[in-house]
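A.B. asks: Spelled out from the first residue to the last, the chains are:
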Amino acid sequence: MTNHFELFGLAPSFALDAGALDRAFRELQAQVHPDRFAQAGDAERRASMQWSTRANEAYRLLRDPVERARYLLELHGVDTGFDTDTAMPGDFLARQIELREALEEAKHKRDVAALEAMKRGLAASSRALQAELASRIDRAQDYAGATGAVRQLQFLKRLAEEVDAAGDFD
Amino acid sequence: MALFQIAEPGQSAAPHRHRLAVGIDLGTTNSLVATVRSGIPTVLGDEQGRPLMPSIVRYLPGGAVEVGYAAQSRQVEDPKNCLASVKRFMGRGLRDVAYIENSPYDFVDAPGMVQLRTVAGVKSPVEVSAEILKALRRRAELSLAGDLAGAVITVPAYFDDAQRQATKDAARLAGLNVLRLLNEPTAAAVAYGLENASEGLYAVFDLGGGTFDISILRLSRGVFEVLATSGDAALGGDDFDHRVFCWALEEAKLPPLPPRDTRMLQLKSREAKEALALHGEAPLTAKLSSGEFIDLRLTTETFCRITQNLVHKTLGPTRKALRDAGLAVEDIKGVVMVGGATRMPQLQRAVAEFFGRDPLNNLDPDKVVALGAAMQANVLAGNQPEGGDWLLLDVIPLSLGIETMGGLVERIVPRNSTIPTARAQEFTTFKDGQTAMSIHVVQGERELVSDCRSLARFELRGIPPLAAGGARIRVGFQVDADGLLSVSAREQSTGLESSISVKPSYGLGDSDIERMLRDSFEHAREDMHARALREHRVEGERLAGAVRGALAADGGLLAPEERGEIDRLLAALEAALPGDDARAIKRAAEALNRATGSFAARRMDEGVKRALAGRSIANLDL
Ligand SMILES: Nc1ncnc2c1ncn2[C@@H]1O[C@H](COP(=O)(O)OP(=O)(O)OP(=O)(O)O)[C@@H](O)[C@H]1O
Ligand SMILES: [Mg+2]
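Chains as they are written, first to last, in this note's numbering: chain B, 178 to 347; chain A, 2 to 623.
Hints may contain errors.
[To be verified] Heads up, simulated SDA-like pairs for lysine to any residue below, C-alpha to C-alpha not over 20 Å straight-line:
(1) Lys296(B) with Asp325(A)
(2) Lys284(B) with Arg320(A)
(3) Lys610(A) with Gln227(B)
(4) Lys296(B) with Arg320(A)
(5) Lys284(B) with Arg324(A)
(6) Lys432(A) with Arg473(A)
(7) Lys334(B) with Lys610(A)
(8) Lys334(B) with Arg532(A)
(9) Lys432(A) with Pro465(A)
(10) Lys587(A) with Arg532(A)
(11) Lys334(B) with Ala329(A)
(12) Lys610(A) with Arg231(B)
(13) Lys334(B) with Arg304(B)
(14) Lys288(A) with Asn310(A)
(15) Lys286(B) with Gln227(B)
(16) Lys169(A) with Asp481(A)
(17) Lys587(A) with Ala220(B)
(18) Lys314(A) with Arg244(A)
Hints in this document: simulated from the structure, not taken from any laboratory.
Please put together the full structure from these sequences, using the hints given.
C.D. replies: Quick look at the structure:
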């Protein structure tokens with residue numbers, strides 16, 4: 178089976194041209210989507226559904242930086258160990274705890290400005306981690322060394338989702 | 002907009018034969034049917050040229066029905082048997098029905114879905130909807146002078162699996178071949194986008210008679226990609242009517258009213274509400290059966306005050322949809338307004354204020370959904386669309402998951418996943434020697450099972466008795482392009498595989514549908530055999546056409562013996578089609594279907610290769 182990068186004709190790398198991914202995804206769906214096979218035989222319709230499902234899954238994965246990094250590491254035989262609780266750097270954890278407390282407070286006070294500021298801060302940290310990942314994975318090919326950054330990125334992603342959800346006051 | 006080129010799509014209609022296909026907007030208040038004629042999407046009117054059909058069905062003693070305006074005019078006189086807004090009951094239990102105390106209907110609590118008692122017997126909302134669809138089908142067949150090859154039926158984007166399944170069942174019951182269930186805001190986006198050659202990020206805000214949807218789409222080079230959708234499947238013009246009705250009861254200090262008066266006052270409330278769009282004030286006058294007169298004036302100010310929180314209720318989902326799409330209001334290029342209830346000035350203002358721009362009202366909000374559905378039906382029927390190909394990529398509105406220990410939900414497919422989609426998750430046993438596992442499928446965003454909608458329960462048996470946590474059960478969810486779910490479970494720790502696959506059903510099984518078909522007034526007179534023959538013929542013709550097209554496009558992929566076999570079976574099917582042996586046609590079609598299985602897979606691979614070949618290596622960032 179072709180891997181997700183091959184499916185879209187893209188080179189396997191963490192730094193990905195989002196526009197090229199979008200285009201490749203749409204071109205592929207234009208060929209395989211069930212709407213193109215509404216008048217076809219059962220076998221073709223089944224195949225179309227499978228391919229279209231596959232394209233959606235691959236696109237979802239590659240678009241998301243955490244999933245993309247994990248997938249790349251997996252392709253190189255490195256397990257990111259999301260299920261096992263390996264230790265995170267102490268200062269990172271301390272910062273996470275601080276941020277969570279700040280989130281609770283902002284939620285409690287319905288402080289939209291504070292939530293916005295948190296969102297911007299998280300986006301900036303996430304960009305920095307992504308730059309680090311691009312350099313480790315794409316340039317240094319240090320896959321095992323990238324796992325820490327991937328896990329940190331995952332933490333930030335979860336927190337960002339919680340910050341987003343906290344904005345729904347009604 | 003610039004459209005992408007497609008070498009040879011999987012559809013393969015014979016070049017000149019136009020297949021008759023329609024789009025149907027099955028609305029809470031109004032339903033419409035539209036088609037693409039000579040390249041132009043058009044709503045098909047009734048004999049008097051009226052485009053809308055009120056979604057009202059009246060049952061008469063003996064089982065005859067009146068649908069549309071005829072039923073509408075009898076509402077006050079016969080409130081129990083004139084069923085309106087049944088879309089709100091589709092896939093819903095008695096507990097979910099709003100304002101039951103002010104409803105003239107005689108509800109019957111039934112497992113899966115509420116039912117209604119009429120003079121013609123107890124009716125499921127599915128049967129009532131089927132009457133509306135049948136009337137629209139007749140309208141279309143009369144004005145197009147032929148049998149329909151298929152129909153696209155629209156549903157609110159926020160409809161859950163139960164509501165979608167109920168809609169599809171209604172269409173089957175009406176004898177329609179459902180080409181696709183299409184989300185209403187997506188249909189509107191197609192009609193709007195193709196008409197205006199739009200590119201960029203758009204929001205579609207659809208407030209109809211009974212439902213509210215908000216969808217965020219990216220329109221780019223012929224692809225309509227839904228990024229996120231949200232809404233409220235029980236918020237619409239009906240709720241605004243209800244507020245006016247309650248206000249009138251209170252102002253006039255009325256006791257609880259008999260059904261006729263209730264219905265009349267509800268209709269008067271709606272009239273007054275609609276009049277306010279043009280005038281600052283509207284009269285609400287009525288003579289009750291007691292002889293008492295009501296003489297009230299509804300002002301814009303009062304109306305805005307009593308409906309303020311309904312307007313506000315549209316903004317939460319709007320915010321959520323934007324957030325799920327990862328966008329801010331500034332990113333949105335235009336807000337397309339759909340649905341009759343968006344005519345309310347205070348709603349227009351609220352939307353304008355939220356998005357910081359005036360919404361787009363340049364399409365008829367009543368017709369745009371049906372027109373978009375007709376365009377999609379035209380493409381799915383295999384007719385070449387005017388102005389090039391386009392593609393829809395839609396999402397599911399609500400997360401799907403299963404119940405785990407402690408009544409918690411384990412999410413398997415998150416909301417706003419692009420469809421078709423498949424996801425799987427592994428579970429394990431919690432007791433030593435456990436040999437069965439019951440699986441409870443739910444839909445919704447909440448953590449607790451009790452706060453989500455229950456879709457199906459089934460049991461996986463034959464799990465080998467192992468220590469707790471020893472067995473590995475893989476539960477797979479597949480959501481198809483109609484947004485409908487099927488679930489499978491498989492034990493995979495040992496060679497002894499037990500597996501099960503279910504489609505949730507909501508009190509209506511295939512046999513119920515068959516029975517309803519047999520019982521229905523129309524089909525009692527229609528020759529069942531003729532009906533089966535017609536269905537198999539349509540299906541057989543579709544297959545023969547598809548295979549001919551596939552051979553013409555990719556015949557080179559076949560070895561000579563394979564080609565010979567397919568040619569032989571195709572000829573056999575073509576020979577059987579004109580005959581009147583329904584079973585022979587079915588058998589010939591099945592044989593051809595089987596023989597073309599691997600050819601289909603190879604063609605698909607070629608399609609994928611073609612998609613990749615279109616890109617040059619030069620612009621890949623290595
Ligand atoms: N001028 C108006 N002012 C206010 N409301 C109006 C006006 N015209 C129509 N409506 C309301 O629009 C609603 C019907 O809209 P529409 O026909 O779009 O709904 P529908 O498609 O049947 O319902 P849904 O899409 O929710 O299933 C009714 O509640 C009607 O009262
Ligand atoms: Mg509507």
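A.B. asks: Now tell me, hint by hint, if it's right for this structure.
C.D. replies: A quick look at each hint next to the structure:
1. Lys296(B) with Asp325(A): The given pair, whose Cα atoms are some 15 Å apart, holds under the 20 Å limit.
2. Lys284(B) with Arg320(A): holds, 17 Å
3. Lys610(A) with Gln227(B): holds, 16 Å
4. Lys296(B) with Arg320(A): holds, 16 Å
5. Lys284(B) with Arg324(A): The hint holds at about 17 Å.
6. Lys432(A) with Arg473(A): holds, 13 Å
7. Lys334(B) with Lys610(A): violated, 35 Å
8. Lys334(B) with Arg532(A): violated, 56 Å
9. Lys432(A) with Pro465(A): Satisfied, since the Cα-Cα distance of roughly 12 Å is no more than 20 Å.
10. Lys587(A) with Arg532(A): This hinted pair holds, its Cα atoms lying about 13 Å apart.
11. Lys334(B) with Ala329(A): holds, 18 Å
12. Lys610(A) with Arg231(B): holds, 15 Å
13. Lys334(B) with Arg304(B): Holds, at roughly 11 Å.
14. Lys288(A) with Asn310(A): violated, 30 Å
15. Lys286(B) with Gln227(B): violated, 48 Å
16. Lys169(A) with Asp481(A): Distance of about 13 Å is within 20 Å: holds.
17. Lys587(A) with Ala220(B): The given pair, whose Cα atoms are some 16 Å apart, holds under the 20 Å limit.
18. Lys314(A) with Arg244(A): Holds, at roughly 14 Å.
Violated hints, listed in ascending order, are 7, 8, 14, 15; each of the other numbered hints is respected by the structure.
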